[in-house]
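Here is how the chains run, residue by residue.
Protein chains: 2
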Amino acid sequence: MELLRQRILKDGVVRPGSVLKVDSFLNHQIDVELLDAIAAEFERIYAGKPINKVLTIEASGIAVACFVARHFSVPLVFAKKTQSINLEGDSYSTRIESYTHGRIFDVIVSKKYLCSEDHILIVDDFLANGCALEGLIDIAEKAGASIEGIGIVIEKGFQRGGLSLREQGYPLSSLAIIDSMDAETGEIVFRRDAR
Amino acid sequence: MELLRQRILKDGVVRPGSVLKVDSFLNHQIDVELLDAIAAEFERIYAGKPINKVLTIEASGIAVACFVARHFSVPLVFAKKTQSINLEGDSYSTRIESYTHGRIFDVIVSKKYLCSEDHILIVDDFLANGCALEGLIDIAEKAGASIEGIGIVIEKGFQRGGLSLREQGYPLSSLAIIDSMDAETGEIVFRRDAR
Numbered sequence: 075m076e077l078l079r080q081r082i083l084k085d086g087v088v089r090p091g092s093v094l095k096v097d098s099f100l101n102h103q104i105d106v107e108l109l110d111a112i113a114a115e116f117e118r119i120y121a122g123k124p125i126n127k128v129l130t131i132e133a134s135g136i137a138v139a140c141f142v143a144r145h146f147s148v149p150l151v152f153a154k155k156t157q158s159i160n161l162e163g164d165s166y167s168t169r170i171e172s173y174t175h176g177r178i179f180d181v182i183v184s185k186k187y188l189c190s191e192d193h194i195l196i197v198d199d200f201l202a203n204g205c206a207l208e209g210l211i212d213i214a215e216k217a218g219a220s221i222e223g224i225g226i227v228i229e230k231g232f233q234r235g236g237l238s239l240r241e242q243g244y245p246l247s248s249l250a251i252i253d254s255m256d257a258e259t260g261e262i263v264f265r266r267d268a269r
Numbered sequence: 075m076e077l078l079r080q081r082i083l084k085d086g087v088v089r090p091g092s093v094l095k096v097d098s099f100l101n102h103q104i105d106v107e108l109l110d111a112i113a114a115e116f117e118r119i120y121a122g123k124p125i126n127k128v129l130t131i132e133a134s135g136i137a138v139a140c141f142v143a144r145h146f147s148v149p150l151v152f153a154k155k156t157q158s159i160n161l162e163g164d165s166y167s168t169r170i171e172s173y174t175h176g177r178i179f180d181v182i183v184s185k186k187y188l189c190s191e192d193h194i195l196i197v198d199d200f201l202a203n204g205c206a207l208e209g210l211i212d213i214a215e216k217a218g219a220s221i222e223g224i225g226i227v228i229e230k231g232f233q234r235g236g237l238s239l240r241e242q243g244y245p246l247s248s249l250a251i252i253d254s255m256d257a258e259t260g261e262i263v264f265r266r267d268a269r
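Protein sequences appear in the order of chains A and B. Using this note's numbering, you'd call the opening residue of the first sequence number 75 and step up by one each time. Using this note's numbering, you'd call the opening residue of the second sequence number 75 and step up by one each time.
Be careful, since some hints might not be right.
Any copy will do: because identical chains look the same in the list, a pair fits if it lies in one copy or spans two.
[Unchecked claim] Taking lysine to aspartate or glutamate pairs in the EDC-like style, the calculated list, with each CA pair at most 16 Å apart, reads:
{"#": "1", "residue 1": "Lys-186", "residue 2": "Asp-97"}
{"#": "2", "residue 1": "Lys-155", "residue 2": "Glu-132"}
{"#": "3", "residue 1": "Lys-155", "residue 2": "Asp-110"}
{"#": "4", "residue 1": "Lys-155", "residue 2": "Asp-97"}
{"#": "5", "residue 1": "Lys-186", "residue 2": "Asp-105"}
Treat the hints as calculated values from the structure; they're not laboratory data.
Build out the structure end to end from the sequences listed, making use of the hints.
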């Protein structure tokens with residue numbers, strides 16, 4: 075998505091350790107008009123799919139997922155991170171490791187809001203090693219929901235998450251895929267075949 | 075806001091300990107069309123104010139704040155909760171106590187995204203004892219930003235937060251104010267003068 079790639083080039087900051095800071099428009103300060111355009115792009119990509127729900131994970135996935143849900147006119151469900159294992163049996167749960175935060179989270183979705191009748195579009199802001207996304211997929215599969223699509227705003231194509239999910243056959247679309255980036259020069263190279 | 079009150083009566087569940095569960099439409103599963111209508115109501119209430127930014131706190135404030143920011147065509151900034159005190163001096167920070175989670179959080183906003191030129195609308199899903207909101211106000215005041223409005227979806231009018239903020243003169247609007255609720259009967263009584 076050209077608008078997004080241009081914005082990453084303009085406002086993204088490459089930091090050592092393969093960190094891309096996009097907190098001026100995506101995950102701290104949020105450009106809601108850009109997110110609305112991103113949502114319109116996901117609507118175009120997954121048009122015709124019987125999507126009845128959008129699934130994301132708190133916190134930074136919520137903003138983009140809100141706009142995607144609005145475009146599809148369906149509810150949004152966001153998985154909650156918890157450190158207290160308080161499983162009353164009324165939630166689907168999984169465990170994910172956050173490299174960013176160096177911690178392990180339990181992630182839950184109430185059984186009331188995800189079931190085998192659901193056809194879901196999973197949405198998140200970032201895909202790197204894929205841990206968060208694998209957690210959401212695990213929850214969706216425990217619920218028996220059909221995964222109609224996985225929409226990612228920015229994928230770090232040099233980490234294993236996207237490759238692994240594509241090999242497993244998941245319908246993954248990333249609007250900007252970064253093949254390499256250099257903290258010294260600030261250079262960001264996008265994958266050509268990305269939408 | 076009548077639409078909201080009717081939805082609370084229809085889908086809200088009163089639990090012991092003054093807990094109102096609205097996770098079927100507000101803070102776990104999200105009815106994006108309702109949130110869009112809520113945002114339109116805040117736009118009506120604060121029309122004419124020179125609002126250039128919406129401020130909220132992760133995670134459950136993000137969804138409603140996204141739609142509010144879209145209605146005002148301004149950026150959204152969400153404060154981040156952190157348990158690692160990693161203050162590089164580049165963030166405004168405050169400390170809030172979460173009764174829901176029984177923990178104390180440090181909450182931060184990057185100095186890049188809030189400044190004395192800003193005229194902000196603070197938005198959150200719930201107001202009870204007011205701790206989260208006081209944290210956001212503290213951050214806004216540290217930044218020197220002007221608080222043009224505080225928009226709350228559901229206020230528990232029987233807890234001290236709203237009263238205290240109104241006494242201090244903050245321009246607070248809650249779309250539904252609950253004066254009492256009863257976990258045994260499920261009864262919810264709204265304040266009459268609420269919008």
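Each hint tested on the structure:
1. Lys-186 to Asp-97: Only across copies: Lys-186 and Asp-97 sit 10 Å apart there, 33 Å inside one copy, limit 16 Å.
2. Lys-155 to Glu-132: So Lys-155 and Glu-132 pass the 16 Å test inside a copy (7 Å) and across (12 Å) alike.
3. Lys-155 to Asp-110: The answer is neither: 25 Å in one copy and 25 Å across copies each exceed 16 Å.
4. Lys-155 to Asp-97: between (21 Å within a copy, 15 Å between copies)
5. Lys-186 to Asp-105: Only across copies: Lys-186 and Asp-105 sit 14 Å apart there, 32 Å inside one copy, limit 16 Å.
Going through the hint list in order, the structure does not satisfy hint 3, though it satisfies all others.
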